[in-house]
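A.B. asks: Protein sequence lines, in the order shown, are assigned to chains A and B. If you're matching positions, the first sequence starts at 1 in our numbering and goes up one per residue. If you're matching positions, the second sequence starts at 1001 in our numbering and goes up one per residue.
Take the hints with a grain of salt, since some may be wrong.
Claimed, not checked - Label pairs and their computed distance ranges (CB to CB):
#1 A:Lys236 with B:Glu1252: 41 to 47 angstroms
#2 B:Glu1237 with A:Gly54: 32 to 38 angstroms
#3 B:Lys1248 with A:Lys180: 53 to 59 angstroms
#4 A:Arg87 with B:Lys1127: 36 to 42 angstroms
#5 B:Asp1294 with A:Ala90: 27 to 33 angstroms
#6 A:Glu202 with B:Pro1354: 50 to 56 angstroms
#7 B:Pro1354 with A:Lys180: 43 to 49 angstroms
#8 A:Asp47 with B:Ser1240: 49 to 55 angstroms
#9 A:Arg197 with B:Pro1227: 17 to 23 angstroms
Unchecked claim - Chain A is nowhere near these chain B residues, computed Cβ spacing over 10 angstroms in every case:
#10 Ala1197
#11 Asp1395
#12 Tyr1404
#13 Asn1459
Worth flagging that the hints you see were computed from the coordinates, not collected in a lab. The C-beta atom is built at its ideal place from N, Cα and C for all residues, glycine as well.
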Amino acid sequence: MNILVFVKEVPDMEKVKFDRERGVIDRGSAEAQINPFDLNALQAAVDIKNEVGGEITAMCMGPSGAEDSLKEAIARGADEGILLTDRAFAGADTWATSFILARAARKLANFDLILCGEMSVDGDTAQVGPQTAEFLGIPHVAFVWEIDICDKNSLEVRTDLWNSTYVKEMELPGLLSVTKDINNPQLPSLQDKMSARKAEIEKWGLEDFADQGIDEDDVGLSGSLTRVKNIEVPPKTGRDSQIWEDEVEIGLAKITDLMREKRRI
Amino acid sequence: MKAEHIDSLENIVGEKWVDADPERVMSYAREYTNDSYRLIAPEPAEDCVVVKPESALEISEIMEFANENSVSVIPKGGNTALAANAIPDESVVILVMERMNDSIEIDDINLTVTCEAGVTLEDLIDKLEEHNSLYFPLHPGDEGAQIGGMATMNAGGVRAVRDGIMRDQIRGVKAVLPTGEIVNFGNRDGKLIKNNAGYDLMQLMIGSEGTLGIITEVTLDLKPEPPQSATLVIPFESRSEAFSAVPKILQEGIIPLAIEFVEREQILHTAEDLGKEWPAREGEGDLMIMLAEDSEEDIFKAAAGIEKICQDFGSMDTLMADTTREERELLEIRSHFLPAIEDRILDCPDITVPRSELDELMTEIEALSDKYEVEIPLLAHAADGNLHAFIMLKDEEVEEIPDYYQDLKREMYEATVELGGTITGEHGVGALRKQEMSIQYTGRELEIMGQIKKVFDPNNILNPGKIVDLK
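Please build the complete structure, drawing on both the sequences and the hints.
C.D. replies: Structure (structure tokens):
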């Protein structure tokens, strides 16, 4: 089974700092890495490949430096990596991102299954996977936590439905977005990491899509339907306390009011 | 505690900061020893009182009062001690340092940070994160530990290979002596690199477990934080091969932050207890090596050098984690070792030998495990020669100390000292290891320690009965 895995390069969210005044992420403050949910997608692809064979292609849209993330994907089991990189792709929202990913998948043509993480940790929209499938006109299931291979044309997958499990069958080719519960991404070996550092990453720019009739207005900021105006980082909140020593009644009244206000009583 | 004593203490720190409520006092009187080694940890004495001073001056007044009235005092940090180091065995004043937690001053020029004693490790890490490049390299474990407590306990931890232990990080301490005087040990501001004037009383204070003085302020070294890090997990067919690789790594000039050895069965169990997966499954165990370097190139160079050496000793595929999340997860599993088996632990001596003798010590402990038919899982700081040997209960429901304990423990300590080791590399002596001091030290050596205690604390009122008994 040939599997295409979408990986997004995101800043290390545990280290990244926000520029509160400008309302943007300070990307220089943290290393870039593969979106953690996409590591689950990649591991799911490796598990399927181990079971039934096939090839895994990792695909990423991002700046030229994002080829490091594709090399990391190769260290973790992908056979090759394709980077969609062009100044014209910059500033894409989920619509424009899904559009170009779908066109790239179509250009690649040879895939049975597309896997991606349920969302990116720096965007949290969970839209890119399903939107890409819609652009491609293929079936899709989101938030999958288990995949069973039925035969070469279909899969049975499980998602949550409130407190129960939703079992769905999907025809191939199709797209799945997976949750972190689907597996534990395995650590790569040092040897695989060192070999992957030398891997050649194929790069596709806008001109590689000329035969599909795409121009600058379809991609990046120009092709986007939404704009991020500002990012607001909630201020850190600490515990607040107040002590009533001689005015216990006043304190009790205040606590009661507060609990009412917070709808706790 | 006499009512008049409580009144006197209230006069010093204010009524609000003296607490005799038995339940609250008990929560301060206990420490991790009680949770981790419930059968052998002494239960705290009743009738203690908690006092929360806000300054060295108040502590000084408390000590003067305590001396005049022969009231014992135990200073308390984050309650993270593991050898009954600060559990009261009589009615005492528990001196809680948590109010002295405001001041953390970073000095960019001298590369130091000066903390009040009650500042927690977590507070310090948070403060340093605001600073882009400097960091405090040690991480002894629980971030609720207080800097004053870490100094007086001479805390260690996994990251000792490159940066040493607390003793190596401290430039100066301010302390209140048991007799009430306020002193600067080290130097006035704690910022000198060279100070060769007289006896080094600062080093005496470090590791004194709150028996020689109450540390109120500590000045620590800071270092530029290496921007790149990675953690290697290297499985070995046999433990002795893993240990043989360690000195070779250091000889090559590759100095990691930490080199740990984890046994296969234990680490898989620990990961499972956390609902996580340990990445290696083959062989007797793994070296877990934490690297911190200036560039990605340097990380790969060090990792490749380590792998080459380990392969000469029969290691299998080296696994590498280099994202914050994956590295933290490995450390989290490794740190969960004790909680995963806590219900069944009787004791855990943190015996330490020269690193060349560590494999031999582990072999001797395995022999003891067979002899006494007791499970003894081991966790090793492989480059430090420091071993945590968990003496397990045969029956976890048991409510009394089992018969085998005293003999087994004594044989374990004797084997350690025979190999040139110490009865404790990290957790200190406290009340738990006091009897075993005579295995490691001669009568004269112990007598000198007792005399030092008397010089500092003539009335034996500060954390009495710990480390050495006074004749």
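A.B. asks: Indicate, hint by hint, whether the structure satisfies it.
C.D. replies: Evaluated hints:
| no. | hint | in the structure |
| --- | --- | --- |
| 1 | A:Lys236 with B:Glu1252: 41 to 47 angstroms | 44 angstroms, holds |
| 2 | B:Glu1237 with A:Gly54: 32 to 38 angstroms | 33 angstroms, holds |
| 3 | B:Lys1248 with A:Lys180: 53 to 59 angstroms | 39 angstroms, violated |
| 4 | A:Arg87 with B:Lys1127: 36 to 42 angstroms | 41 angstroms, holds |
| 5 | B:Asp1294 with A:Ala90: 27 to 33 angstroms | 31 angstroms, holds |
| 6 | A:Glu202 with B:Pro1354: 50 to 56 angstroms | 54 angstroms, holds |
| 7 | B:Pro1354 with A:Lys180: 43 to 49 angstroms | 44 angstroms, holds |
| 8 | A:Asp47 with B:Ser1240: 49 to 55 angstroms | 35 angstroms, violated |
| 9 | A:Arg197 with B:Pro1227: 17 to 23 angstroms | 18 angstroms, holds |
| 10 | Ala1197 | 43 angstroms, holds |
| 11 | Asp1395 | 34 angstroms, holds |
| 12 | Tyr1404 | 39 angstroms, holds |
| 13 | Asn1459 | 36 angstroms, holds |
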